[in-house]
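Asker: Construct the entire structure; sequences and hints are all you get.
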Amino acid sequence: MNIEHYITQLLYRYQCVTVPGFGAFLTEIQSAQWVEATHSFFPPKKLVSFNANIKTNDGLLANHIANAEKTSYSYAVSAIQHAVMNWKKTLEQNQTLSLKEIGDIHLNAENNLVFKPTEQNNYMTSSFGLSSFISPAIKRAIDSQTETFEEKEVIAFVPETSNGRSYLKYAAVFVLGLGLAGSIGYPLYQNEMANQQTLVEKAVQKQVETKIQEATFFIKNPLPAVTLSIKENKTEAVTMSYHVMAGAFRDENNANKILKRLLKAGFEAKRIPLNKSGLYPVIYGSYKTFAEAEKAKKEINDQDNPDAWILIESL
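Oh and the sequence shown: position 143 is 142 in numbering that gives the first Met the number 0, straight run, nothing missing.
To be clear, the hints were calculated from the coordinates, so they are not data collected in a lab.
Glycine included, each C-beta is placed from N, C-alpha and C at the ideal position.
Be a bit skeptical, because a hint or two may be false.
Listed next, with one range per pair, are the computed distances between beta-carbon atoms [said to hold, decoys possible]:
id, residue 1, residue 2, range
1, Ala31, Thr117, 18 to 26 Å
2, Thr89, Gln8, 48 to 56 Å
3, Ile133, Lys287, 44 to 52 Å
4, Asn255, Leu112, 41 to 49 Å
5, Ile271, Ser48, 16 to 24 Å
6, Ser48, Gly277, 37 to 45 Å
With a straight-line cut-off of 27 Å between C-alpha atoms, the simulated DSSO-like cross-links for lysine-lysine are [unchecked claim]:
id, residue 1, residue 2
7, Lys294, Lys256
8, Lys87, Lys115
9, Lys269, Lys256
10, Lys256, Lys275
11, Lys88, Lys99
12, Lys54, Lys297
13, Lys294, Lys269
14, Lys115, Lys99
15, Lys287, Lys54
16, Lys54, Lys99
17, Lys269, Lys287
18, Lys115, Lys45
19, Lys287, Lys259
20, Lys87, Lys54
21, Lys297, Lys259
22, Lys69, Lys115
23, Lys256, Lys54
24, Lys115, Lys88
25, Lys269, Lys297
26, Lys263, Lys287
27, Lys275, Lys259
28, Lys69, Lys269
29, Lys54, Lys88
30, Lys275, Lys69
31, Lys99, Lys45
32, Lys54, Lys69
33, Lys115, Lys54
34, Lys99, Lys87
35, Lys297, Lys256
36, Lys263, Lys294
37, Lys269, Lys259
38, Lys297, Lys287
39, Lys69, Lys99
40, Lys287, Lys275
Answerer: What follows is the structure in structure tokens.
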């Protein structure tokens with residue numbers, strides 16, 4: 000079975016896809032980039048990395064394969080184990096393991112797995128249809144125009160010589176000017192004073208309006224405050240999407256026996272509806288988060304059932 004095809008499907012929806020016994024493929028969102036040196040634009044994308052230390056089966060890949068292939072969960076787990084065995088053989092022979100649309104994996108000198116992702120594939124659904132492109136630099140034409148200035152001839156002012164009695168003429172003109180300035184300038188002065196007074200009145204009025212807007216009015220005998228109490232709605236349903244599976248049985252009597260044993264042992268066990276394969280599933284319990292379910296599964300693996308696994312489904 001070509002399980003890398005199902006891994007790529009899950010990478011579009013999840014940040015972590017674990018291959019039991021081999022490692023986990025992780026995704027991280029990278030923002031859009033503009034490389035000024037090459038005038039290149041790259042849309043937002045999901046960067047794929049690999050962590051060889053995450054090997055625990057979280058049930059995600061096996062459940063996806065079982066639903067896609069219309070088969071049982073145990074068969075899907077066996078298919079994953081077979082594929083991992085072939086992958087390890089390829090790596091032990093110092094060959095490069097090429098996973099289509101995911102990347103290449105090989106062993107380095109320290110016998111550690113080195114992963115090189117495929118750059119062509121973008122697992123970010125919101126960037127569908129966007130591709131990188133190069134925008135050439137715009138060359139602007141420089142208009143070199145020189146302005147010429149015409150040098151004008153300098154006019155020299157030569158004062159006219161006057162005789163001794165010319166000052167009387169200028170004195171008469173000065174007295175006449177004072178009379179005209181008095182008759183014309185006084186009304187202009189009155190208008191200017193009126194304008195200044197209007198501006199002062201407007202400024203005072205604006206300050207008064209500002210003070211009124213900023214004023215706080217106090218009531219000597221205020222009414223008592225009214226306290227409203229809101230009754231908390233504690234009956235809101237909580238969705239449990241993570242379930243620790245005890246098993247799925249073809250015989251309903253066997254499912255009831257397991258359920259009775261788990262309840263007697265103190266687990267909050269229950270049966271869930273028939274699955275697509277016609278089996279009767281029994282679960283140890285349901286949890287809101289994957290972390291809670293993973294913690295409970297580890298305790299159950301150590302104390303009661305080493306084959307318990309996590310089912311991710313909204314019930």
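Asker: Flag every earlier hint the structure violates by its number, smallest first.
Answerer: Numbers 2, 5, 22 and 23 - these are the hints that the structure violates, sorted from lowest upward.
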